[in-house]
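Here the protein sequences come in this chain order: A and B. Under our numbering, the first residue of the first sequence carries the number 1, and numbering increases by one thereafter. Under our numbering, the first residue of the second sequence carries the number 387, and numbering increases by one thereafter.
Hints may be right or wrong, so weigh each one.
Reference excerpt, derived from the structure (chain B facing chain A, CB under 10 Å, subset only) [unchecked claim]:
no.: 1; residue: L424
no.: 2; residue: T427
no.: 3; residue: A702
Estimated spans, in silico, between C-beta atoms of each pair [as the list claims (entries may be wrong)]:
no.: 4; chain 1: B; residue 1: L548; chain 2: A; residue 2: L28; range: 46 to 54 Å
no.: 5; chain 1: B; residue 1: G545; chain 2: A; residue 2: K73; range: 50 to 58 Å
no.: 6; chain 1: B; residue 1: E436; chain 2: A; residue 2: P341; range: 35 to 43 Å
no.: 7; chain 1: B; residue 1: N652; chain 2: A; residue 2: W193; range: 43 to 51 Å
no.: 8; chain 1: B; residue 1: N538; chain 2: A; residue 2: F62; range: 54 to 62 Å
no.: 9; chain 1: A; residue 1: G84; chain 2: B; residue 2: L548; range: 33 to 41 Å
no.: 10; chain 1: B; residue 1: R547; chain 2: A; residue 2: I277; range: 50 to 58 Å
no.: 11; chain 1: B; residue 1: L548; chain 2: A; residue 2: W193; range: 58 to 66 Å
no.: 12; chain 1: A; residue 1: G84; chain 2: B; residue 2: R547; range: 39 to 47 Å
no.: 13; chain 1: A; residue 1: S243; chain 2: B; residue 2: V610; range: 41 to 49 Å
Which residues of chain A face chain B? A few of them, derived with a C-beta cut under 10 Å, are [unchecked claim]:
no.: 14; residue: K44
no.: 15; residue: A46
no.: 16; residue: D51
no.: 17; residue: Q66
no.: 18; residue: V68
no.: 19; residue: D70
no.: 20; residue: W148
no.: 21; residue: M154
no.: 22; residue: P224
no.: 23; residue: L326
no.: 24; residue: Q330
Simulated from the structure, these hints should not be mistaken for laboratory data. Note that beta-carbon positions come from the ideal geometry of N, C-alpha and C, so glycine has one too.
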Amino acid sequence: MAEWLKGYLDPPWLAYLAAALLQCAVLLAVVMTAVAAFNWMERKIAGRLQDRLGPTRVGGRFGWLQSVADGIKLLTKEDIIPAGADAMLFRLAPYLSFCTAFCVFVAIPFTDKWVALRLNAAVFFILAVAGLEVFGVILGGYSSGSKWSLLGAMREAAQVVSYEVPMALCVVVVVTVAGTMDLVAIGKMQSGWFWDWLVFHDPFTFLTFWIYSTCAVASVNRAPFDLPEAESELVAGFMTEYSGFRWSVFFMAEYGSMLAVSILAAILFFGGWNGPIPLAGLLGLTPQHGPVAGFLGELLGAINTLGKGILGVGVMMWLRWTLPRLRIDQVMTVCLKYCIPLAAAMFVGAALWTYAFPGGLILPARAAPTEPAFPLAAAAHNAGEQ
Amino acid sequence: MAIERTGLEWDEFDVRTDELVINMGPQHPSTHGVLRVLLRTDGEVVQQAEPHIGYLHRCAEKIGENVSARQWIPYTDRLDYLAAMNMNLGWALTVEKLLGLEVPEKGRHLRVIMAELNRIASHLVAAGTYGLDLGSFTPFMYCFREREKILNLFEEACGARLTYSYITVGGVMADLPAGWTDRCLAFLDQFEPVVDELHALLTSNAIFVRRAAGIGVLAPELAVSYGCSGPVLRASGVDWDLRRDGDPWYTRMYQGYDWDVIVQVNGRYPHDENYPQVPRAAVLGDCWHRFYVRMLEVVQSMRLVRQGIERYRTAAGSVGQPIKLSQKLPKGEVYLETEAPKGQMGFMVIGDDSAVPVRVRARSSSFCNLSVLSELCRGCLVADVPAILGSLDIVLGEIDR
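Isolated chain A, as found in the complex (with noise of 0.2 Å):
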């Protein structure tokens, strides 16, 4: 994209520039679209597990429009800060939360080639950044001047930093076997046939992808781990001093991460815009067949990301009005004594399997990537070489 704006604006820097608000505004645009599709979903999930309907009225029979009625319905709402909160924290704190949530999305691929920033280092950079959204928990908690929200800010720090540990090491896992921390390169490992999906490449990233998903679930603090947010204990944890739009923006935040972490285990372990048929491959839909045929390709990749990751939240919808919630002891139990150890005996045995069968066991190898990382500056600099 930045090449073709080079096109029409002259200084090249401006040209980037433009690129990058550009992708922003996209990736925001698409993600804000899911949020509000999954609160709709998750209301409708909720009211169909629990033997009723759900929202039915707002826009149509199937309630589509709830989101946005709700999105108005915050919008409009008195906007309280209680007088013992920390003004500045307590307004600084749903931002901080909500911009490192949606950060993440920078790095990840939806297709081989739609990716705002191909990093060679994605996966480093994922969990960093997804690191710092416990931030704006702790600030939100603390500055809202209640011991209540004080209690249920603490919780989610130990939990949040805590569950990044197995997290981190089940990546490393993928990382170990694919070779290489960029997603894209890791997608296009994963190209061909359902069983060309990291997850069935050996038994312990099958483990992995297991032990990946209860972290996850841990560390966007949902059911069964949503201690944090426990209505029947702290009202509603660090979030229940705040209101209307603020809380909205937390809101979002946490549906954004659970997308995020979504579609990382979904390019992970399940080829990412790979469909379990190359179906793309099949119809014709690749670049050799014209520019439309390779958008239309690219599209069918990245609905597949996309719809993988719907899948996953979905899933996590499904867990959270299903079982109850365990204490934060427990919570820190299962994390320490559980996920650690069993994540890092996989990564033992994955390191173990890619000595053992370099090859392959069943699957052919797939080659590292052997394209640079940033194709422009790669250019630019053997140009300059020469």
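Fit chain B to the given chain A structure using the hints.
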């Protein structure tokens, strides 16, 4: 000025700085009503939990001294409003004992049907809200969906869904409408699989077991000394049920019925082959057992309702006649306890040869059950307080009266 310190009391101004004083309620999603629990915690560990009650006090007993016996029935509805039939029954039996009035057989069977159906409804609320306290939202909806059907049956019988004033002194207000017993049996038939569903979602759920087993263990001696009753007492292993062991004026109602008292005898619950086994982590007298006892009692109540319907259909005579409003109560004092869903509910009436009693007293089961909260919460985590409170199954209406 010296401030007296008696036992569990402590004054709120003298708090050590490394402890946190948290106020749970009176507005709180899981205190089951307007209850204030003052927690003194060391981080997450509760050192002391002190319940403060009285937010729902409506001077019911004082009003009882100003209205006639039958006119006090609506006030009994509002004591344990989730089991209003049982409250009506307790008061009606008390006044009938004072009057020496015996309800005909058909009326007795009808009272059994209503009381046991209301026991099912009350236990459904207890189970559903307990799941809700622990974070599972769906079983709550399933319990309330089933309870809706019971409430519809009650609405057909007496016109009200919650505060029935149906069982009255002398019998019941009116006989059942046509087809009611068939609808009731149809409800029971479709309800049986739902109990299994609830077992799968809650009783045997690993997370539920971790949250409830071994939490809030109530020793039987402590339970007896605090006056706990009902499922709370039976879950601690004390074999006591007023429907079997109580006042003959009350147990006569259940004579000839075939049912089991749900209490663990020699390590086994009656007929437990059909139900989830007791998990290894569960200790007799903990929250899980209290929950389990209620779930099993629901099944026994279903049996009682079926038998009651059979006997009601074959009994001859009338269902009784409410006494006249101007009926004078003879001089005398009667105290009668009945087995309400939440425990032993006692009513006392002192008559003085007038239509209006001199003194009316309701001894509430939840009051005594709640008083053991401070013992149970010592040393538990903050997240366990709603778990323990939910397992005690209190209703503030009958605590505060």
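These are the hints, each one checked on the structure:
Interface hint status for B/L424: violated, as the beta-carbon distance to the closest one in chain A is roughly 12 Å, over 10 Å. Evaluation of the B/T427 hint against chain A yields a held restraint, the C-beta minimum of about 9 Å falling below 10 Å. A cut of 10 Å between beta carbons decides the hint on B/A702: the least distance to chain A is about 42 Å, and the hint is violated. For B/L548 and A/L28, the hinted distance range of 46 to 54 Å is satisfied, since their beta carbons lie about 49 Å from each other.
Checked against the hint of 50 to 58 Å, the pair B/G545 and A/K73 fails, with Cβ atoms roughly 37 Å apart. About 41 Å separates the C-beta atoms of B/E436 and A/P341, a value consistent with the hinted range of 35 to 43 Å. For the pair B/N652 and A/W193, the beta carbons lie near 60 Å from each other, so the given range of 43 to 51 Å is not met. The beta-carbon spacing between B/N538 and A/F62, approximately 29 Å, falls outside the hinted interval of 54 to 62 Å.
For A/G84 and B/L548, the hinted distance range of 33 to 41 Å is satisfied, since their beta carbons lie about 39 Å from each other. The hinted window of 50 to 58 Å between B/R547 and A/I277 holds, with their beta carbons roughly 55 Å apart. Under the hint 58 to 66 Å, the C-beta atoms of B/L548 and A/W193, about 60 Å apart, fit the expected range. Between A/G84 and B/R547 the beta carbon distance is about 42 Å. The supplied range of 39 to 47 Å therefore holds.
For the hinted restraint 41 to 49 Å between A/S243 and B/V610, the CB-CB distance of approximately 48 Å keeps it satisfied. Against a cut-off of 10 Å between C-beta atoms, the interface hint on A/K44 is violated, since the closest Cβ of chain B lies about 14 Å away. At a threshold of 10 Å, the smallest CB-CB gap from A/A46 to chain B is about 7 Å, leaving the interface hint in force. For A/D51, the shortest C-beta to C-beta distance to chain B is roughly 6 Å, which falls under 10 Å, so the interface hint holds.
For A/Q66, the interface hint is violated, the least distance from its beta-carbon to any beta-carbon of chain B being 18 Å, above 10 Å. Annotation: A/V68 was flagged as interfacial toward chain B, and the flag is violated, the nearest CB pair being 24 Å apart, outside 10 Å. Here the hint on A/D70 is broken, as its CB sits about 19 Å from the closest CB of chain B, past 10 Å. For A/W148, the suggested interface contact is upheld, since its CB lies about 7 Å from the closest CB of chain B, less than 10 Å.
With its C-beta approaching chain B no nearer than about 9 Å, A/M154 sits inside the 10 Å limit, and its interface hint holds. With its C-beta approaching chain B no nearer than about 6 Å, A/P224 sits inside the 10 Å limit, and its interface hint holds. Below 10 Å, beta-carbon pairs count as interface contacts, and A/L326 has one with chain B at about 6 Å; its hint therefore holds. Checking A/Q330 against chain B by beta carbon gives a least distance of about 6 Å; that is within 10 Å, so the hint holds.
Hints 1, 3, 5, 7, 8, 14, 17, 18 and 19 from the earlier list are contradicted by this structure; the remaining hints agree with it.
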